[in-house]
Every structure is written in C-alpha cells, then in structure tokens.
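K.L.:
Residue numbers (our numbering), protein chains in the order written: chain A, 1 to 193; chain B, 1 to 202; chain C, 1 to 191; chain D, 1 to 696.
Please note that a few of the clues may not be correct.
[To be verified] As a list, the in silico DSS-like pairs of lysine-lysine whose alpha-carbon atoms are at most 25 Å apart:
no. : chain 1 : residue 1 : chain 2 : residue 2
1   : B       : Lys-122   : D       : Lys-287
2   : D       : Lys-84    : D       : Lys-287
3   : C       : Lys-93    : D       : Lys-24
4   : C       : Lys-34    : A       : Lys-90
Just so you know, the hints here were simulated from the structure itself, not pulled from any lab data.
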Amino acid sequence: MREMISMIVVLTVLTAVSGGLLAAVKSGTEVRIENQVLKFQKAPAIQDIFPEATNDPLAERFTVKTDDIELQIFPSLLSDGSKAIAFETKGSAFGGPIGLMVGINLSTDEIIDVRVTTHAETPGIGSRAKDDLSFVSQFSGLSMDTNFALKGDGGVIDAMSGATVTSKGVSVAAAQAKEIYQKLKPEIVKQMK
Amino acid sequence: MAQSLAKEFTKGLWAEIPPFRLVLGLCPVLAVTKSVENGIGMGVATTFVLVFSNLLISLLRNVIPSKVRIACFIVIIATFVTIVELVMQAYTYELFLKLGIFIPLIVVNCIVLGRAEAFASKNGPVLSVADGLGIGLGFTLSLAALGAVREFIGNGTLTIWEGLPVFEMGGNFLPFQFMIEAPGAFVGLGLMLCLMNLIGKK
Amino acid sequence: MGDLFVLAISCIFINNILLAQFLGNCPFLGTSKKMETAVGMAMAVVFVLVMAGIITWIVDVYLLKALNVEYLRTVSFILVIASLVQFVEMFLKKSIPGLYAGLGIFLPLITTNCAVMGVCLINIKEEYTFVQATVSSFAYAVGFGLALILFAGVRERINLARVPKPLQDTSIGLVTAGIIALTFMSFKGMV
Amino acid sequence: MIPALLFMLGIGAVCGIVLSLSSKVFYVYEDPRIAQVENNLAGANCGGCGYAGCSAAAQAVVSGIEPPSVCVISGKEGVEEVAKIMGVDAGSAESPLSYNMCEGGFRADDKYYYMGISSCKAMAVVFGGKRVCGVGCIGLGDCVKACQFDAVKLGPNGYPVVDDDKCVGCGACQQACPKDIIEVKTLSEKLMKFNQEHDPLAPCAQTCPAEINIPRYINQLKEGKYKEAVQTIRMRNPLPLACGRVCPHPCEDECRRGIEDEAVSINQLKRFVADFEMNSGSRIPIKCAPDTGKKIAVVGGGPSGLSCAFFLRRIGHQVDIFEAMPKLGGMLRYGIPEYRLPKKVLDWEIQGILDLGIKSFCYVKLGADFGLGSLMASGYNAVFLGVGAWEDYSLGIDGENLIGCFTGIDFLQRISSGEKISLGKTAAVVGGGNTAVDCARTLLRLGLDKVYMVYRRTRKEMPANEVEIVASEEEGIDFVFLAAPTKVIGDDSDNVTHLEYLKMELGEPDASGRRRPEPIEGSETMLDVDMVISAIGQSPDASFKEQDPHPRMTELELTRWNTVDNDPATMQASIPYIFTAGDAATGPSLVVDAIGGGRRAARSIDLFLKGKPVEPLKDSLQNKRIRESIFTKVDGIKKSARAKMPELPVEQRLDSMAEVDLVLPEDVAHKEAERCLNCCRICYNPDTDFPMAKAN
C-alpha cells in the first residue's frame, strides 16, 4: 500500500511541477513566438504578394470576428493607391493542412497573388506548391467569382503533375478564401477605415 | 574524481560515440542530417535535454519508485524537450521548422532514455552531467559529420549556420540529389559506420 | 470512404513511416535480425499504435485544445503512451497469457519507439478527424510492419553473402535499408 | 498557468493510479531475478541485442540463453551486476566457449564440384555439402563471418579454430554453422556431453566405454602438449593413472590401423601422459563450475563412485563419498594387486579428485552405519549407489569351508589390506577370469612353490586379459584346463590336502558362443594342494537393502543377479533420487565401464537436481558403433611395429610386489603416437599418399 501511494504521489508531483515549469516558460516566450510565426511564416508571403506596399501590413494587422470565424487581416496600400488585403486560409492534403495566403484587391475583387505558407508535404513533390511559382501564379488576376477547382473537377486550375492532392489542397484553400471573402468583405471594409 | 570525470566525458566522443559505437537514436540522425546546420541544431537540442535530464534524474534517483521509473524519467525528459521546443520556436524559428516533428521526438530518442537508465539513475549528478555532455557532444559531432557528407555530395555546399555557406562547389558541380533524399540517409550512415569500423578495428 | 482508402495507401507506401519519415529506426535495425522477431514486433506495433492513436487524439481534442494548453502535448502524450503500454502489458500478462507470449514481450520496446509517438503527433498536426486518425494510425503501423518484415527477409539473405568485415551487420543493414527506401520512393506520385 | 498545472496534475495522478492499481490487480509471479536483471540493463528498449526489449533480454539472461553481457548499451559495471545476480545459478554464470568438434573434414572425399556462393549454409543445401562425410566441417567459414569478436579463424587445415580469450560465448557461430560442428558450451555442458550418432567420432572414441576423445589426446601428445592431453582425458575419465595400467583397452580392438597392421597402443599412450603428470611433481589444475548449492551422497568409493563424484563436483555440486572399506578406491585398491596398480599411484590419483573439494567418509557401510533416512535427513538431494560387486560366488562343492579355502575377491582384499594369512606351499585357483589370474600371480609373489589355475574350458576361452595370461605363463603358473572341481579334501584337522576335479571335454558352442564343457564320466583326478581359492565371479552384496530401516528402501528393485535394477540409459534406479552404476548395476565388469557409467549417472543426477525430466540423451551412441565409420579395409597403411610395453624381467618380479608393467620412454611414446591415423568418422591421415592426397 505504501508503495502504491508513493508511486502515485511521486508521479503526480513530478507532472505537476513539470506543468508549472512549462507554463512559466510558455508565458515567457509566448509573445516572441507569435512574432516569430508572423515573421517567418506570414511575412515572406505577404512580402511576395505586396512587393510594393507603401505601408507595413504586418504592423497594421487586425482581426475580424463574426459568429463563427476569427480572421487575421493584413491590409495593404498598393503603389497605385488602391487598397488590398491579405489573409490566410487552409486546405488539406496528405501531408496535412496547407496554409494559403491570398492577396485580394479590394476595389477590383481580383486576386493579386497567392502564396503557400505552411505545409508538410513530401519534399520534392508537394513542396513544389511553395517553390514552383508557375502553379500558384495561375491564381493571379483571377476574379473572386472564379471557380477555383481543378480542371478535372470543372474548375480552371491546372494541377501539378504528380501532386494532384496537394494541388487540390491549394484549390480548396482558395475556394475557402473566396467564401470567407464574400461573407466578410463588408466587415473588413468597415474596419479598414 | 577529475580523472573519472574526464573519462565519462571523453568516452562519448570516441569510445561510445552515438550513433556509431552505440547504434541508437537513429531516427533523428537519418531525418535531420540534410545539412550541417540541421545536424548541429538537432545535436545541440539533444545535448541540452541530455545534460539536464541526466542531472535531474541523478538527483531524484533515490526518490523515484522503480515501478513508475520509466514514466517518471519520461516526464522529466519530456519537460526539457518542451522547453527546448518553446525556446527554439522563440529564437531559432526557421531551424524549428526544419527539424519539425523531430524536436518533440527527442523524448523517445533511445540515447536520452538509455543514458538516464544506464548511467544517471546509478551515478551522482556531477558524473551524470559529464556523461550527458560527452554523449551529447559526440552525438552532435556525428550529426554534423553526416550532415556535412550529405550536404556536400547532395547539394554541393557546406553551411554551418543560417546563410553562412563556408563552402560552395563551382558551377560545373552536379549535386548528387540521392544523398539528401531518404535512401541517401541510410546509405550515407551505413558507409560512415563502415568507415568507423575500418578505423577503429585496426 | 475513398478518401480514407487513399489516406491509408499514402500512409503505408508513400509516407512509409520507416523509410520516408525516419521514425522507429532503432527497433527497425534491432528486431529485423530474425524473421520471427520482426513479425512479432510488427503485430505489436499495429496493436499499440492504433490504441495510442485513438487515446492521444481524445486527449488532444478534449483536454489539450479545450484547456488551451497545447504546448503540453509532448509531455502528456508520452506519459499517456508509456502508461498505456505498461497497463496493456500487465493486463495481457494476467488475462490473456497466450497473446502476451506472442506480443507482450515486444510491448516495452514500443514505449520508446518514436514511430508511435511520431504518428500520434502527425495525427494532430494534420488535423485529422477521429476516423482519419484511427485509419492513419493503423496504416502507418501496417507500413512499419511491411518494411520491417521485408527488411528482415532481406537481412536473412545477406547473412549468406560474403560481406567485407567493416561493412558487416548494422553497416550493411543500413545500406540495404537505403536501397529498400529507394524502391519505396517509386510510390511517390501514385496518388 | 493554473489550467496547465491542473491538467498535468490530473494526468499524472490518473497515470499513477492506473499503473499502481493495475500492478496490484494484474500481478503475476515471475522469477524475481528477471526484474533485478532488467534493472541493470540499459532500459532503453532499443532492441540492439536482438531481443524485443529489455525485459525479454532479461528473461533470456535468467533462463540462461544469453550471457550477462547481452546489453549493447550498459557498460562493464552493468554486466558485472547482472553476472552477480546470476551467480547463484548453475551454469549460466559459467562463460560458455565456442569449440570445434570436427578436426579433419577437409580430408574427406568430394561428392561433387561446388561452384555456388561461398557460404557453408548455401553449400549445405546442396546434398548436405560437397564432402562425403555428412557431419564434417564444410570449411567456408560461416562461423568466422558470424563472429563479432574476431574469435573464430579458419586454421591452416581448413577448419575453424577458436581463440578462447576472445570468445564471449555469444553463440553466433553455432547458429551460423549448418553442420553442428562448432558448438558453444559451458564447461558443465562439455563435461556432460555424451557420444551421439551424429558426432564426428573415430572408431576408438566410439568404443571407449568412458567416451574419451582418443585422437585428440594422442594428437596433443604428438605435439608435446602433455598437460593438454591429460586435460582431454580428464574431461571423460578421472582415473587416467589407474586406467592406463589396468584397462583392457577395448578401443584398440576397433583401431583403424589394426585392420591392416597392429593397432595403436592407445592405453600405453594414456599411461604415458598420466605418468608424466604424476612424475612432474605438480598437479594440473582441474577447473570446476561455480557452486550450485546442491548436495549429493555417493555411496561407494570405487571407480564408478569416484567418477560420478568427480564429474558432479566439476559441474558445481557438492559431493560426499561414503565408503565401507578403510580407504577409497574400491576394486582398484582391494581387487587389483599391488604389482598391477601400486597403491602409491592410486593414492596420488584419488587425492587429486578429493582435492576438488569432495569430502569422504570411510569405514561407514550403507545399511549398517547409515541409511537412506539419515542421508535424506542430512540434506542430500540425490544418492549415487556404487557399492560394487564384492560377494564371491561359491563353488557349491563339498569341503569348501576347510582351512586353506578362500574366495577370490575376499582373498585379494585381505592381502591388500595387509592382513596376515597363513599360507601353504601349493595352491589351486579355480576360475579363468582376471580375478583368478590376479589371485594366482599374487600367490606366486607371496612365496608359494606351485600355483595351479584350474579352469573348466581351454585357454582360448579364458575371459582374463591376454596380457595377464601371458604374464602368468611367463611367471610359471601351471594351467589345468578342462577341469571342473568336485570336492575339496582335507585331513583330520580340517586342513586342505587335495582338490578333486573331473576332466571335461568341449561340446557344441552354447548361447554365448563358447563351447560348452561336458564332464567325462569317471575321470576324477586329484590335485595335491594345501590352498584352494575359488574366483568364479562375484555379485553385489545387497544386504544393505534388508539392513536399512528406511521404508522407502523396500522400493529399490534388484535383478536376479542381485544387481540394482536401473535404466541403463539414465542410470536411475526404481527410487527416483537413487542412481547407480558400476559393478553394482552391471555385475562384474571393466573399470572403464564403471567410469563411463559414473559420468552418465552424474548427467542424470544433474538433470534431476535441476528439476528437469531425467530422460535418456537423444541419439545416444552408448556402446553402439556408427556403421559408416567401421571399415573392413583401410587404404594407405604402411606397416609399422607397435611399441612393446616395457616389463620388469620375470626374475625380478616374483620376490616382490613391484609393478610389472612399465611406462613407455618418451621417444617410443612419440613414435607410437605417430602411428595414429588421427581418424574421424570416415576420414583419416593415411601413411602414404595413396589413394588420396594427404593434404590439399
């Protein structure tokens, strides 16, 4: 009996101490981690989408909330003075969720550019979505009314050969972006002011 | 004392250098050695966990009941792994992304648990730290060496730290991509092991 | 249903846990020396991986995410897996000794098998649903077993070959594993 | 912070409670050493040892399959700890060593020309290898490849040679060998190895009742390694000095050289190395396995008892010998006269056996002074009965009790004990066996004028050793063949004066193949003697069965010859903890039979003490021959004379008990050893190159 109690006590105390310690470390690093995520995951994509932005979309980021969606918006002032936004949506592929940063010109409702942010696809194949710009550049200039599905599914996007599932993941993310954009546009425009 | 301290430390660098002499902890060795940089990063992270978990386990070795021994060791190790994970996220985020799932998997690296069981749970804290440091450094060295071979043949470069290529092959060099793919990891490690046997068994 | 099948194929062949993801390599080299050990190990991994996959998924969704303490994932998963394995071992030993004789001795080996922990983490990272997580756990384990048994077969043949002294055992084992990994690479692009 | 703390607290508590509860609920007993050993393994469950995790490896260590050095991670201290835990167990703490049994497979002919891959395993698949010899070494070195420690090398003769210093006994070579030629055995296992049908054995080694590896020790003698030769003999026979003198060497009957030439004088070579040790002034150390804590009582200190005690002690058991006579040695001491086996030599040899840590108690007789009950009460775990056959058969004729009448063994024993006996001038010894010859030759040495040997058949049928008969002829003993005593006649004061016998003639051969002697009516003849010694055979003295009050003793079954009934393959008697061998089990027989039987009993006792079923060894050869190894003609023999045994001249013999047979000089022994063909199952080294190349 004594042995049993000591087993339980030691394990419990140990895990509790571990929990406390980790919580402390977490709270100490939380802010920095958030910045790092922004810096390394979102910043390069936004940089690519708005190469000539006249403001700092990262610093001016704001959050839009509706009943069930919470979305981080990166606003941008384009060089021609028109307003644009970028936000991230997710599609899924075999390697897991694919993050897609979509830049949209608010005045024309056209996609400026898209970039893959996070993915864990097989190196060399799925990761082409990130490195091979010829695939993502298909989206540039498309209106938000376009059917972003792959050509095989009745849409307009050419799949990457040998990486159909990844391509599908990107197109799903784009379609999701379309849906969110249409739903949230009024709110976004309101907050942009 | 000083002598045995030195002995525990240096044995990890040659006599028991993982994963060559102690064929353990192969998964990270194979997975993250696409470049020298990854190798060193993984090695340092593992060393950190090794040193601190060895220290703590050796301090607590008389308190922990033997039936929940493994569970306790694992909790201690996992705590340090999580600290490494958080710290790496905060300060070396890019490396964190590259090493990915293998950071949390340091928990199940047989070297760490192996040292905890075989050494730290039987020796005092000073020796245990020396042991952890030695084995960890040896592991880092091995990872860096394998990383160097794979990166050099597979990519034509040698990079010690982010954006700091020490060496780059000329334009005519055709990288042998096989080496940075999965099979190259196995073959590279196998051949290095062979080399070690050749040197060591004279 | 079709998606689940594709997921399973992808987990078994394309992202084979041993040869493409590099998880679980220590027991891969250790237990592939004898065919019978390899088969026992493969069965035990299937058994434990499915259970661990399910339990950690539940822990993650209903505890970690709900309490917003996702950073405790590593600690809690490994603790849960270790306790689970130890529990199952004790349970089998007492209640189903026949099964224990076949699988039980492999169970402790699995606690620190990074394949188990790795798959659980992958399940969460990929944001799989409960069904998907179960299927992927099973399929990864099957992939592990497949590679292990194939490799054990190859190693038994290698024993007959004249291998230079420094290249013997683990060394030639790794090179062979590399060649098997090369064949598994050809599955890429299958889906 | 709070949720994290609570969460971890909860999960830790749940895991702790589940584990501690289930460790109570699902408790299963297992050998506590498994847990101890496991604690000393690295616990990383890496599988590097080839086992599925540390607990599986620990189980393997505890069950003795693996050495304590099984773990690839744990350092030297860990191994020592494990060895310490295992130290209490017999055998497993002994370091097993690899050794090779085939020393000449390369000499056998080829069946076919092999062009496949260079691997024994692969070649063995094709008709079991290319050599005609089905069991021998294939010689492609799978064992060399399998050894991780560089301990196995292919020697110059093409078979593997093991470096004992490097061998860790991992067993990899044994697993790799498709022929069971290389084996990893502990000392105990090697000592308890018996000839089996598939072993590579020379004809002589098959024939030797003690199963000594004869070619090996002759080879060692040839190389000048006398110590090693003695050690080879001691693996099977604890009494090389005694055997080297008195053994009728059945091995020489099967000697392959003997088919075309005179057989090699194997026994003299044995005596040569044994005498070398004795005369060297120091004893060769005899290795024993670690103590097991089991105690065995050996009843009877004769050759079978000494052999059984010797081997039990060497495999780690504690042995006490109980002897009814004043000194140990049994028939060797009291049945074999001084001039054949000097007491000094026997004492030296027995002391060597006792020096291993065997206790002996003399002057105590089973049944009279102690019994089964007292042995059990003293904590003996098993009993070996080697009480011998000391009861002389009587002639069953009138006048046997007259003064001057003796029985053979009784007479020899009294002489050996130094008892003063009133002797006559002329004596008749009745019988034709070794005991009769011993009595006759002893009487001559005691100063009698005339000694007759009265035997009812002819010289050809005499069961005594040929050398003994020749020696007694030389010494002047009168043989009276075809004579059956009918009456001993005495004078008024009951002193013997005459032996009356009936002349016989030989009839048809009987069941035993000997021609049955038939009396000739009315041919009564008188022999003028004043002593009659009847030496016509003995049986065991089974009086202990009645005298021992222990109720269990009634369960001990005897045969109709009064021998203890046993299973000849296991030596186990009808009471499971009693084992028996030697004359007590077989009736009067050879010393070397008793030695072999003693070792066989030791194997069964060891099994019995370990709680294993006492079963006969599978494919045991025991007195059978491997048919393919027994030739009718042998090629490549150049005739060469057999070494003649040096003997004391007849004139020096009769006035003393000095030893008659002398040891070979060193050069002659070497020359004799060179005559050995170094045979194995079917191969051998011929003297000439015909018909096969001597070395290839």
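K.L.:
Next, verify each hint and record whether it holds.
P.N.:
To see whether the hints hold, each was checked on the structure:
For a cut-off of 25 Å, the pair hint linking B/Lys-122 to D/Lys-287 is broken: about 35 Å separates their Cα positions. Among the hinted pairs, D/Lys-84 with D/Lys-287 is consistent with the structure: their alpha-carbon atoms are about 20 Å apart, no more than 25 Å. About 13 Å separates the Cα atoms of C/Lys-93 and D/Lys-24, which keeps this hinted pair within 25 Å; it holds. This hinted pair does not check out: C/Lys-34 and A/Lys-90 have alpha carbons roughly 45 Å apart, beyond 25 Å.
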